[in-house]
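Each chain is listed here by its residues.
2 protein chains.
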Amino acid sequence: RVVVHGGRTGCAAGSVSEPTDIVISLERMNAIEEVDSIGHAVVVQAGVILEALQSRVAEDDLFLPLDLGARGSCTVGGNIATNAGGVNVIRYGMVRNLVLGLEIVLPDGGVISSMKRMLKDNSGYDLKQLFIGSEGTLGVVTRAILKLEPAFSRRDTALAAVASFKDVTRLLSLSKSRLGASLTSYELMWGDYYRAVTTGLGVRSPVDATHEFYVLIETESCDGEAGRDIFMELLEKAISDGLIKDGVFAQSEQERREIWRIRDDFEPILREKPVYLFDVSMPIQTMDRYIDTVRRGLASVSRDAILHVFGHIGDGNLHLFVHPGAGEIASGGETRKRVEACVYEPLREIEGSVSAEHGIGREKKRWLSVSRSANEIAMMKTLKRSIDPKNILNPGVVFDL
Amino acid sequence: RVVVHGGRTGCAAGSVSEPTDIVISLERMNAIEEVDSIGHAVVVQAGVILEALQSRVAEDDLFLPLDLGARGSCTVGGNIATNAGGVNVIRYGMVRNLVLGLEIVLPDGGVISSMKRMLKDNSGYDLKQLFIGSEGTLGVVTRAILKLEPAFSRRDTALAAVASFKDVTRLLSLSKSRLGASLTSYELMWGDYYRAVTTGLGVRSPVDATHEFYVLIETESCDGEAGRDIFMELLEKAISDGLIKDGVFAQSEQERREIWRIRDDFEPILREKPVYLFDVSMPIQTMDRYIDTVRRGLASVSRDAILHVFGHIGDGNLHLFVHPGAGEIASGGETRKRVEACVYEPLREIEGSVSAEHGIGREKKRWLSVSRSANEIAMMKTLKRSIDPKNILNPGVVFDL
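Chains as they are written, first to last, in this note's numbering: chain A, 9 to 409; chain B, 9 to 409.
With the rest of the complex left out, here is chain A (with noise of 0.2 Å):
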C-alpha cells in the first residue's frame, strides 16, 4: 500500500497513512523546470510549493490563476491531484483547467508522460483528465505544465452589505453582466459569520455589522483606471437599485488586505472546539433554503449548535463551520455522524456535492452515495481496477473496493 505525500494540507484525510503503508514524499522534486513566457506556460515538477510558484512566475510578468489559503505548505502536485479550487475560480476554473501536460506513474511503474503545452490537442482519449482529482488512487503526479495568464495591472476590491439572499444573487447576475471577466472573486459571508470574525479578531467592522449578508468583490483588470471605473458604476448602479445596503471600496493594498482578513481569518470560529469544517456546493438558488435546512437540523441535534457559513458563492461553493455545542465528548462521537446527516442528506434533494473542493478523501466516502450514483460509483470502481489491479496506490480513498 503506497501513499503519496505532498504538503499535507489536504481537507478530507486523504493521505493519511498507516504503519505498514509505503510513503512516498515528493518533497525533493521541487525544480521549477522552464518558464514559457511566450507560450505562457511553466513546467514544474510534483513537490513546488504553491507560493514559491507564484512568486516565480510574477518575475516575468505572469500570473499562475490559482490561489488558495494553504499556498505557503501545499504543493503543486497535491494541486493536481485533489483538482484544487481556490478564490480565483469563478474567473479561471478549478486546477483541472489549468493542466496541459501531465507525468503520471502507474502503479506497476508504467510512466504516462503527457507533457505538451497546446491548449488544444484532441489526438485521443484525455488521459490527464482521469488522473487530475483522483486523489492519488490512481497513479502518483510526478511532473506538469501549468498554464498561465499575463499579470494583471490592477486590482480592485470592495465589501458590500446585502439585506437578503435573494438581492445576493442579484447582485451577482449584475456584477456578471457589467464586469464580466474581470470579476476574479465573489464571497459571501453570512452576517453570524461575519461579526464572529470581526469580533473575535478584535477588528473595526468596515462597514455597519448588523446586516444580513456581506459579499467581498474583486476584479482584475490590465487597462489603467478603466476597469476602476467600470467596477465604481456597477456599485453606484447597485446602491441606487437597493441591492448594496452599505459597502468600502478599498483605496489601499492595506484596506484591501483588512476586507480579506476578514474572510480569509476564521481562525475565531475554531476558538470553541471541536468545529467540523464542511465543503459543499449546490445550484445557487437553492443555497438559502438549504441553510435553513441545515440550521433547523442542527437545532434537532443540539439546542446551543453554532453554524457559520461563508463561501464562493459564485461557483455555488459554501463552507460550513458547525459546533456541535455541548455533549460531544460524552457521546463518543455519535454527534459528528448526526451533524454530518444534517449537512449531507439535504444535497440529495437539490442535487448538491458533498464536496466541492476539498475532496472525498476517507472522510467523506460514507457520503459518496449523496453526490454519485450507484452506477457512477461502479464506473470509479471498474476504471480504479483496470488501472491499479492490485490496490496499490491510496486504498481506501475515495470508495473501499
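Errors might be hidden in some of the hints.
If several chains are the same, the list does not tell them apart, and a pair holds so long as it fits within one copy or across any two.
Below 25 Å or equal to it, Euclidean Cα-Cα: the simulated SDA-like pairs (lysine to any residue) are [stated by the list, open to error]:
{"id": "1", "residue 1": "398", "residue 2": "217"}
{"id": "2", "residue 1": "184", "residue 2": "75"}
{"id": "3", "residue 1": "253", "residue 2": "236"}
{"id": "4", "residue 1": "245", "residue 2": "101"}
{"id": "5", "residue 1": "155", "residue 2": "356"}
{"id": "6", "residue 1": "345", "residue 2": "284"}
{"id": "7", "residue 1": "184", "residue 2": "162"}
{"id": "8", "residue 1": "184", "residue 2": "157"}
{"id": "9", "residue 1": "245", "residue 2": "178"}
{"id": "10", "residue 1": "174", "residue 2": "71"}
{"id": "11", "residue 1": "155", "residue 2": "297"}
{"id": "12", "residue 1": "253", "residue 2": "44"}
{"id": "13", "residue 1": "184", "residue 2": "123"}
{"id": "14", "residue 1": "174", "residue 2": "241"}
{"id": "15", "residue 1": "155", "residue 2": "293"}
{"id": "16", "residue 1": "373", "residue 2": "123"}
{"id": "17", "residue 1": "281", "residue 2": "263"}
{"id": "18", "residue 1": "245", "residue 2": "70"}
{"id": "19", "residue 1": "245", "residue 2": "67"}
{"id": "20", "residue 1": "345", "residue 2": "327"}
{"id": "21", "residue 1": "389", "residue 2": "30"}
{"id": "22", "residue 1": "373", "residue 2": "119"}
{"id": "23", "residue 1": "398", "residue 2": "63"}
{"id": "24", "residue 1": "389", "residue 2": "113"}
{"id": "25", "residue 1": "184", "residue 2": "249"}
{"id": "26", "residue 1": "398", "residue 2": "382"}
{"id": "27", "residue 1": "253", "residue 2": "178"}
{"id": "28", "residue 1": "184", "residue 2": "236"}
{"id": "29", "residue 1": "389", "residue 2": "44"}
{"id": "30", "residue 1": "281", "residue 2": "233"}
Note that these hints are calculated values from the structure, not bench results.
The hints should help you fit chain B onto chain A, whose structure is shown.
Coordinates of chain B only, in the frame set by chain A:
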C-alpha cells in the same frame, strides 16, 4: 457494431458506418429542456443543433461560448463527443470547459447520469471527462448541462497586417496583456491564404494585400464605450511600436462580417481538387519554423504543391490546406500519404499534435503515435477494453484494438 450520428459534420471520418453497422441517430432528441438564467446553465438533449441553442439562450440575454463554422448543422452531442474547439477557445476553452453535467449510455445499456450543474464538484473521479472527446468509442452522449455566460453588450473587430511571425507573437502578447479576458479571437492568416481568398471571392481587400501576415483580432465587452477605447489604445500602441503595418477597425456589423468572411470562407482554396485539410497544434514559438519545414517537404513531393495556412494561433492551432498539384490521380493515393508525412512527421520533434480540434477518427489513427507515446496509447486501449469489452461502440475509431 454501433455508430452514433450527430450532425455528421466531423472532419476526421469519425462517424462513418459500414453496411452491417447499427447506426443510432440522435436527431429527434433535440429538446432544450431548461434555461437556468440564475445559475447560468442550460439543460439540453444531444441532438440539439448548435445554432438553435445559441439563439435560444440569447433570448434570455445569455451566451453559449461555443461557435464554429458547422453551427447550422452540428449537434451538441457531437460537439461533446469530439470536444469541439472553434473561434472562441482563446477566451473560453474547448467544449470540455463548458460541460457541467453529462448523461452517457454505456455499451452495456447502463446509464451514467452526472447531470449536476455546479462549477465545483470534487466528489470522486470526474467521469464525464473520460467521455468528452472520446469520439463515440466509450459511450453515447444523450443529455448535458452546459455553462452559459451573460450576453456581452459589444463586440469590436480589427484586421491588422503584420510584417513577420515574430511581430505576430509580440502583438499577441501585447493584446493578451492589454485586453485581458476581453480578447476572444486572435486568428492568423498567412499572406498567401489572404490573397487567395480575397482574390477568389472577388472582394476588395480592406488593407493592402501584399503583407506577410494578417491578424483578425476581436474583443467582447460589457461596458459601453470603455471596451472599444481600450482596444483602440492597444491598436495605436501596436502601430506606433511598428507591430502593425496597416489595419482596419470595423465600424459596423457589416464591416465586421466582411472581415470575418475572409477568415471563414475558404471556398476559393477548395476549387482546385483535391485539397487535403489538416488540423495541427504546436507551441506557438515553433510555428513559423514548422510551416517552413512543411513547405520544404511538400516541394520535394511535388513541384507544384500549394500550401495555404490560417490558424487560431492564440490556441496553438493551425489549419493547413494542401493541394498536391498535378500527378495525384495517377499515383493512386500515394501522394496523399506523402503529403500527410510532410505535415505530421515534423510534429514529433516540436511536441505538437496531429489533431488540435477535429479528432482522430478513422482518418488519422495511423498518425496517432506522432502525438502520443506507446504508453499513452496502451492506456487508451486499457480504458476502452474495460468500458466496452465487446468493442461495440465505433470500433476502429481513434485506434484499432
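A quick look at each hint next to the structure:
no. : hint        : verdict
1   : 398 <-> 217 : neither (56 Å within a copy, 64 Å between copies)
2   : 184 <-> 75  : both (21 Å within a copy, 21 Å between copies)
3   : 253 <-> 236 : within (20 Å within a copy, 32 Å between copies)
4   : 245 <-> 101 : neither (28 Å within a copy, 31 Å between copies)
5   : 155 <-> 356 : between (35 Å within a copy, 22 Å between copies)
6   : 345 <-> 284 : within (11 Å within a copy, 63 Å between copies)
7   : 184 <-> 162 : both (18 Å within a copy, 15 Å between copies)
8   : 184 <-> 157 : both (20 Å within a copy, 8 Å between copies)
9   : 245 <-> 178 : within (12 Å within a copy, 38 Å between copies)
10  : 174 <-> 71  : between (34 Å within a copy, 23 Å between copies)
11  : 155 <-> 297 : between (38 Å within a copy, 23 Å between copies)
12  : 253 <-> 44  : neither (46 Å within a copy, 27 Å between copies)
13  : 184 <-> 123 : between (34 Å within a copy, 24 Å between copies)
14  : 174 <-> 241 : within (21 Å within a copy, 39 Å between copies)
15  : 155 <-> 293 : between (32 Å within a copy, 15 Å between copies)
16  : 373 <-> 123 : between (32 Å within a copy, 20 Å between copies)
17  : 281 <-> 263 : neither (31 Å within a copy, 66 Å between copies)
18  : 245 <-> 70  : between (33 Å within a copy, 21 Å between copies)
19  : 245 <-> 67  : between (38 Å within a copy, 24 Å between copies)
20  : 345 <-> 327 : within (18 Å within a copy, 57 Å between copies)
21  : 389 <-> 30  : within (22 Å within a copy, 30 Å between copies)
22  : 373 <-> 119 : between (28 Å within a copy, 22 Å between copies)
23  : 398 <-> 63  : neither (40 Å within a copy, 51 Å between copies)
24  : 389 <-> 113 : both (19 Å within a copy, 17 Å between copies)
25  : 184 <-> 249 : within (16 Å within a copy, 34 Å between copies)
26  : 398 <-> 382 : both (23 Å within a copy, 23 Å between copies)
27  : 253 <-> 178 : within (13 Å within a copy, 46 Å between copies)
28  : 184 <-> 236 : both (15 Å within a copy, 19 Å between copies)
29  : 389 <-> 44  : neither (38 Å within a copy, 33 Å between copies)
30  : 281 <-> 233 : neither (46 Å within a copy, 54 Å between copies)
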